[in-house]
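Participant: Listed below, chain by chain, are the residues.
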Amino acid sequence: AQSVSQHNHHVILSEAASLELGCNYSYGGTVNLFWYVQYPGQHLQLLLKYFSGDPLVKGIKGFEAEFIKSKFSFNLRKPSVQWSDTAEYFCAVTSVTGKLIFGQGTTLQVKP
Amino acid sequence: KAGVTQTPRYLIKTRGQQVTLSCSPISGHRSVSWYQQTPGQGLQFLFEYFSETQRNKGNFPGRFSGRQFSNSRSEMNVSTLELGDSALYLCASSLDPPGQDNSPLHFGNGTRLTVT
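Chains as they are written, first to last, in this note's numbering: chain A, 1 to 112; chain B, 1 to 116.
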């Protein structure tokens, strides 16, 4: 069965620090990969997605993620975080079945 | 365009009761997915409907059920409520089934269910 694992449950950074959130999935076939973000008091929204092509994908607000097939990973990165990046981040995977499975989420707290 | 609308926003029920939650997708969207969100568990997939058919189902007991109507609106029902059912229930809609390119999920604000 598909599963998604996010290793960091709670991350605290100072502004301008670099960010990397880990995401690993288990599924042997073709997958589509997503990162969603939930800002305080707001609904979940799509940050970026990977379907095919260049494994380095860029999303909104300066975020990017790299798909490494051999490691079953899709880590999220940002070179310099801002206070406004404080949010909960969810990695998600879908296979040909179309079932979108989310990880447990990582809470990011950015200190001004 | 109006977003995904979930009603009610908040609900308090007692153990043993049943509850029905409603979701109106974005106009034109034919796929609706339901998730249970709890602290530490993230989003647990409940089920997904497309054109009135349940395409996928998560690992929840039979007390959890759902349906989709011809206008794509969806309802989920939980019978014989337990304390552990307290959670935020999220509905998301997409043009086509999730996982297809150009068909990202759009989430509603959720229904906060508290079981006492």
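Be aware that one or more of the hints could be misleading.
What the hints assert, rightly or not - With the C-beta cut set under 10 Å, the calculated list includes, among others, these residues of chain B facing chain A:
(1) Pro8
(2) Phe50
(3) Ser51
(4) Glu52
(5) Pro61
(6) Pro97
(7) Pro104
These aren't lab readings, by the way, just hints derived from the structure by calculation. Because the structure is a prediction, the values reported are computed rather than measured. No residue lacks a Cβ here, since even glycine has one placed at the ideal position from N, Cα and C.
Participant: Indicate, hint by hint, whether the structure satisfies it.
Facilitator: The hints, checked one at a time:
Checking Pro8(B) against chain A by beta carbon gives a least distance of about 16 Å; that is not within 10 Å, so the hint is violated. A cut of 10 Å between beta carbons decides the hint on Phe50(B): the least distance to chain A is about 8 Å, and the hint holds. Of the supplied interface hints, the one on Ser51(B) is violated, with its beta-carbon coming no nearer than about 13 Å to a beta-carbon of chain A, more than 10 Å. The closest approach between the C-beta of Glu52(B) and any C-beta of chain A is roughly 16 Å, which is over the 10 Å cut-off, so the hint fails.
A least Cβ separation of about 17 Å between Pro61(B) and chain A goes past the 10 Å threshold, and the interface hint is therefore violated. For Pro97(B), the suggested interface contact is upheld, since its CB lies about 4 Å from the closest CB of chain A, less than 10 Å. For Pro104(B), the interface hint holds, since its Cβ comes within 10 Å of a Cβ in chain A; the closest pair sits about 5 Å apart.
Violation of the numbered hints given earlier is confined to hints 1, 3, 4, 5; the remaining hints are satisfied by the structure.
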